[in-house]
Amino acid sequence: MKQVEPLRAAIVGVGRAEGMGIGYCHARTYRSTPGFELVAAADIDADHLKNFREKFDVIGYLSIEGMLNTKPDVVSICTYVGLHFRMIKACVAAGVRGIVCEKPFVASPTELKELRALIAASGTKIIVPHYRRYMKAFARARDIFASGEIGERLVVTAAIGDGWDLSEWGSHWFDMFRFFHDDNMPEWVLAQARVTNRRFYGHAMEDHAVAYMEFPGGGRAVLETGIHYLNDGVTMALTGSRGAIVVLAEDKLRVYSSSGAREENYEDADSLAWSAMFADLRDWINTGKPAPLGFNHVAGTAELNLGSYLSMIEGDRVDFPLKHHVDEWPVEELARRHASK
6 MKQVEPLRAA IVGVGRAEGM GIGYCHARTY RSTPGFELVA AADIDADHLK
56 NFREKFDVIG YLSIEGMLNT KPDVVSICTY VGLHFRMIKA CVAAGVRGIV
106 CEKPFVASPT ELKELRALIA ASGTKIIVPH YRRYMKAFAR ARDIFASGEI
156 GERLVVTAAI GDGWDLSEWG SHWFDMFRFF HDDNMPEWVL AQARVTNRRF
206 YGHAMEDHAV AYMEFPGGGR AVLETGIHYL NDGVTMALTG SRGAIVVLAE
256 DKLRVYSSSG AREENYEDAD SLAWSAMFAD LRDWINTGKP APLGFNHVAG
306 TAELNLGSYL SMIEGDRVDF PLKHHVDEWP VEELARRHAS K
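All residue numbers for the sequence shown refer to our numbering, where the first residue is 6 and numbers rise by one.
Note that these hints are calculated values from the structure, not bench results.
No experiment lies behind these values; they were computed from the predicted model shown.
Don't be surprised by glycine CBs; every beta carbon is placed ideally from N, CA and C.
Please note: incorrect hints may appear among the correct ones.
Using 25 Å as the maximum straight-line C-alpha spacing, the simulated BS3-like pairs for lysine-lysine come out as follows [to be verified]:
(1) Lys-346 to Lys-328
(2) Lys-141 to Lys-294
(3) Lys-118 to Lys-94
(4) Lys-94 to Lys-328
(5) Lys-94 to Lys-76
(6) Lys-118 to Lys-141
(7) Lys-141 to Lys-257
(8) Lys-294 to Lys-94
(9) Lys-257 to Lys-118
(10) Lys-294 to Lys-76
What follows is a list of derived Cβ distance ranges for each label pair [claimed, not checked]:
(11) Tyr-261 to Val-227: 34 to 44 Å
(12) Pro-297 to Arg-341: 33 to 43 Å
(13) Glu-255 to Leu-67: 32 to 42 Å
(14) Asn-236 to Ser-152: 33 to 43 Å
(15) Ala-22 to Glu-42: 18 to 28 Å
(16) Ser-345 to Asp-62: 47 to 57 Å
(17) Asp-188 to Ser-263: 22 to 32 Å
(18) Tyr-206 to Gly-71: 22 to 32 Å
(19) Glu-70 to Asn-236: 42 to 52 Å
(20) Asp-321 to Asp-275: 32 to 42 Å
(21) Leu-67 to Val-227: 36 to 46 Å
(22) Glu-42 to Arg-259: 39 to 49 Å
(23) Ala-51 to Arg-247: 20 to 30 Å
(24) Glu-192 to Glu-333: 21 to 31 Å
Take these sequences, add in the hints, and give me the full structure.
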């Protein structure tokens with residue numbers, strides 16, 4: 006069998022070693038997943054780049070253009086959403102074969118439309134790391150929900166506190182809502198938010214939001230962000246017509262059905278889910294087997310994210326697919342309305 010050379014990987018936007026450290030998460034995953042070789046990184050902050058280079062022993066650059074001159078096969082984009090589209094285009098132009106782009110994926114419906122055309126023309130493999138579908142508890146919850154054990158699928162409920170929004174973290178739960186409904190897109194979304202003057206990660210951010218949607222077959226989902234998590238340590242609740250599944254943290258289920266109640270525990274490290282996700286990208290590049298989080302899927306999750314914000318702007322339900330021609334992060338319009346009061 007012919008030996009496959011490791012894919013040369015690079016990361017743009019390494020960030021700080023402390024805090025969220027998402028660039029460090031990508032680096033550790035490249036190092037722990039067979040078939041990759043981490044060779045380069047880029048960041049506009051020389052101190053951040055120096056710390057990253059010392060830890061991972063890679064070549065460092067102060068621009069993505071310099072980094073792309075090393076001809077990486079795969080690039081992780083770990084920058085703010087407002088930079089993603091430009092950087093994806095630069096990677097495609099440089100012949101990068103695979104891209105791991107952090108969420109939120111794109112900043113506007115216009116960018117998403119242009120990106121669909123770019124990826125279709127180039128064939129570049131791109132994923133967004135909505136990694137929880139690779140975790141055992143979530144996969145098991147999906148299987149039970151779809152099996153009929155708790156009846157027809159009625160609604161999935163989740164809430165995220167600590168000031169998080171529908172995009173920086175909420176996009177993960179939007180993807181899980183789709184995961185629990187056979188990876189379908191919802192037919193529509195209806196959303197509302199309080200927006201004042203908050204700005205994080207380079208964009209306007211809502212203080213408090215809720216998004217409600219319906220999937221084919223009648224299943225619903227609702228996500229609230231900004232203020233509090235659900236009570237009693239519950240991450241998500243999946244309600245059926247004859248029972249429920251409660252996800253606790255990210256490794257335990259409580260299942261209530263006609264046969265009684267039970268708990269299921271799953272020891273599962275985030276790092277294993279990340280490695281499985283990167284391995285799927287590697288195999289997609291090397292064998293052509295599509296990754297579950299490939300572009301056609303994650304573009305839909307980005308569309309749901311953007312559609313929720315557009316519903317807030319319009320004060321109306323938004324149907325999918327989107328037909329909007331908006332070329333900025335939609336929350337900016339809501340922030341301007343607040344500032345003009």
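Mind checking the alpha carbons of Lys-118 and Lys-141 for me, to see if they're no more than 25 Å apart?
-> violated, 34 Å
Measuring from beta carbon to beta carbon, are Leu-67 and Val-227 in 36 to 46 Å?
-> Once the Cβ atoms are compared, 44 Å apart, the range 36 to 46 Å for Val-227 and Leu-67 holds.
Whether the CB-CB distance between Ser-345 and Asp-62 falls inside 47 to 57 Å = Roughly 51 Å apart at Cβ, these two residues keep to the hinted range, so it holds.
Is the straight-line distance between the alpha-carbon of Lys-346 and that of Lys-328 25 Å or less?
-> Violated. Lys-346 to Lys-328 sits at ~29 Å, over the 25 Å cutoff.
Cβ-Cβ distance between Glu-255 and Leu-67: within 32 to 42 Å?
-> Holds, at about 36 Å.
Honestly, do Asn-236 and Ser-152 meet the 33 to 43 Å range at C-beta?
-> violated, 27 Å
Please test the hint of 42 to 52 Å on the beta carbon pair from Glu-70 and Asn-236.
-> holds, 49 Å
Taking the beta carbons of Asp-321 and Asp-275, is their distance inside 32 to 42 Å?
-> Since Asp-321 and Asp-275 have Cβ atoms about 38 Å apart, the given range 32 to 42 Å holds.
Hey, Lys-294 versus Lys-76, does the alpha-carbon distance stay inside 25 Å?
-> holds, 23 Å
For the pair we were handed, Lys-257 and Lys-118, check the Cα-Cα distance against 25 Å.
-> violated, 39 Å
Within 22 to 32 Å or not, the Cβ separation of Asp-188 and Ser-263?
-> holds, 27 Å
Given the range 22 to 32 Å, decide if the beta-carbon distance of Tyr-206 to Gly-71 lies inside it.
-> About 24 Å separates the Cβ atoms of Tyr-206 and Gly-71, which means 22 to 32 Å holds.
Consistency with the previously given hints fails for numbers 1, 6, 9, 11, 14, 23, ordered from lowest to highest.
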